[in-house]
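Undergrad: Note that the sequence shown covers residues 399 to 709 in the working numbering.
Hints in this document: simulated from the structure, not taken from any laboratory.
Keep in mind that this is a model prediction, so the values were computed, not measured.
By construction, the Cβ of each residue, glycine as well, lies at the ideal position given by its N, Cα and C atoms.
Don't take each hint at face value.
[To be verified] Here are the simulated BS3-like cross-link-like pairs (lysine-lysine), alpha carbons at most 27 Å apart as the crow flies:
{"id": "1", "residue 1": "K520", "residue 2": "K411"}
{"id": "2", "residue 1": "K546", "residue 2": "K413"}
{"id": "3", "residue 1": "K520", "residue 2": "K579"}
{"id": "4", "residue 1": "K635", "residue 2": "K569"}
{"id": "5", "residue 1": "K411", "residue 2": "K569"}
{"id": "6", "residue 1": "K579", "residue 2": "K480"}
[Said to hold, decoys possible] What follows is a list of derived Cβ distance ranges for each label pair:
{"id": "7", "residue 1": "S568", "residue 2": "S692", "range": "31 to 37 Å"}
{"id": "8", "residue 1": "K546", "residue 2": "S435", "range": "23 to 29 Å"}
{"id": "9", "residue 1": "P663", "residue 2": "P538", "range": "49 to 55 Å"}
{"id": "10", "residue 1": "S416", "residue 2": "A542", "range": "15 to 21 Å"}
{"id": "11", "residue 1": "S436", "residue 2": "P409", "range": "40 to 46 Å"}
{"id": "12", "residue 1": "L636", "residue 2": "M452", "range": "17 to 23 Å"}
{"id": "13", "residue 1": "S416", "residue 2": "G624", "range": "50 to 56 Å"}
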Amino acid sequence: MSELKPWEQVPDKWKQPSKEFDGRVVHNKKELVNYSSSSHIRIWYNNQAEGYEMHSHDAMEAFICIQNNYEIHANNHEYNLKEGDILFIPPNMLHEYINDKVGVRFIYLIEMNQFFNSQDYKSIEPLFFNAFLCNEETCPDIYAEVYKLFMDMNSVYFTNANFWETTVYSKMYQIFVAIAKHSENLVKSEITSPSQSINRINALLRYVDINYSEEISTEQAAEYTGFSKFHFMRLFKLQTGYTFHDYLTLKRIHIAEELLITEKPITEIAFQTGFNTLPSFCRAFKKYTNYSPSEYKKLRLNSNDVNHTNV
């Protein structure tokens with residue numbers, strides 16, 4: 399008798415309704431999702447004592463921790479999931495699973511490009527700048543509803559029920575409607591006058607002007623303004639046109655541009671402007687200016703025609 403593959407070593411109730419899957423396909427950290435039965439959905443019952451290295455895919459992913467804890471890194475953030483926690487990972491976001499123990503979790507891979515490109519999504523987009531954690535603590539108003547909707551998906555998917563794909567999409571859209579309701583509740587609980595909001599954001603911008611070299615997370619910035627993280631991200635993007643992370647990085651790059659025409663070594667400039675490593679500085683500088691720091695330094699010393707970043 400041939401040895402069962404890892405994804406086949408699950409209770410009969412949770413085995414894949416279609417048998418065509420034969421392993422993951424990942425190339426240069428990009429996973430080509432193998433959906434179920436000519437659909438755009440794959441739901442896994444996962445009890446493997448192994449993790450998955452950094453990767454991304456076009457599918458939206460939802461992860462529900464059922465038994466034991468689980469560690470996920472997504473978009474440079476660490477999430478330590480407890481039983482019952484639900485984590486949403488937007489399409490094309492790099493993430494990895496850190497795991498060395500047996501447990502149980504459900505993994506949902508659903509192609510949702512139409513929704514993520516829709517106008518409706520814009521109203522909740524700040525919640526998905528990073529992975530979105532939903533549990534009884536972070537989303538007490540909608541958690542039970544969202545959890546039940548995912549369990550309803552399991553019921554139709556694993557039994558291969560009639561119209562299971564349509565039903566799963568229907569449940570998924572109900573979940574996004576619930577998340578929109580949650581975001582409205584957050585905003586209502588933090589209503590301030592437009593002038594107060596502007597003043598708080600401006601105070602933060604002045605703080606960043608002075609402390610750009612310090613480690614300032616989005617959470618710390620939100621706390622500085624007195625807004626919840628979601629409300630802060632929404633207001634900051636509205637007022638500046640940038641996410642806080644992009645604004646802080648651009649500020650650091652702008653300062654670095656001026657320092658590069660001095661005699662200071664590039665490594666010293668990297669640390670002086672708040673970057674933890676020289677490679678991270680070089681990557682960010684190249685991303686925002688299209689030049690490496692050394693290329694930019696040479697161009698600035700020989701010409702005044704180089705465009706500068708501005709925030």
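Undergrad: When you take the CB atoms of P663 and P538, is the distance between them in 49 to 55 Å?
TA: Hint holds: Cβ distance 51 Å, inside 49 to 55 Å.
Undergrad: If you check the beta carbons of S416 and G624, does the distance land in 50 to 56 Å?
TA: With Cβ atoms ~51 Å apart, the hint holds.
Undergrad: Need the status of pair K520, K411: alpha-carbon distance at most 27 Å?
TA: Given that 27 Å is the threshold and the Cα spacing comes to 38 Å, the pair is violated.
Undergrad: Tell me if the beta carbons of S436 and P409 are separated by a distance inside 40 to 46 Å.
TA: violated (25 Å)
Undergrad: Run the distance test for K546 versus K413: straight-line Cα separation, threshold 27 Å.
TA: Holds: K546 and K413 sit about 20 Å apart, inside 27 Å.
Undergrad: Do K546 and S435 keep their Cβ atoms within the hinted range of 23 to 29 Å?
TA: At roughly 25 Å between Cβ atoms, S435 and K546 fall inside 23 to 29 Å, so the hint holds.
Undergrad: Within 17 to 23 Å: is that where the Cβ-Cβ distance between L636 and M452 falls?
TA: Since L636 and M452 have Cβ atoms about 32 Å apart, the given range 17 to 23 Å is violated.
Undergrad: Take a quick look at whether K411 and K569 sit within 27 Å of each other, Cα to Cα.
TA: Given that 27 Å is the threshold and the Cα spacing comes to 21 Å, the pair holds.
Undergrad: How does the Cβ-Cβ distance of S568 and S692 compare with 31 to 37 Å: does it lie in that range?
TA: violated (55 Å)
Undergrad: At the C-beta level, are S416 and A542 separated by a distance inside 15 to 21 Å?
TA: violated (31 Å)
Undergrad: For a C-alpha distance cap of 27 Å, please report whether K579 and K480 respect it.
TA: holds (24 Å)
Undergrad: For a C-alpha distance cap of 27 Å, please report whether K520 and K579 respect it.
TA: Holds. K520 to K579 sits at ~14 Å (cutoff 27 Å).
Of the numbered hints listed earlier, those contradicted by the structure are 1, 4, 7, 10, 11, 12.
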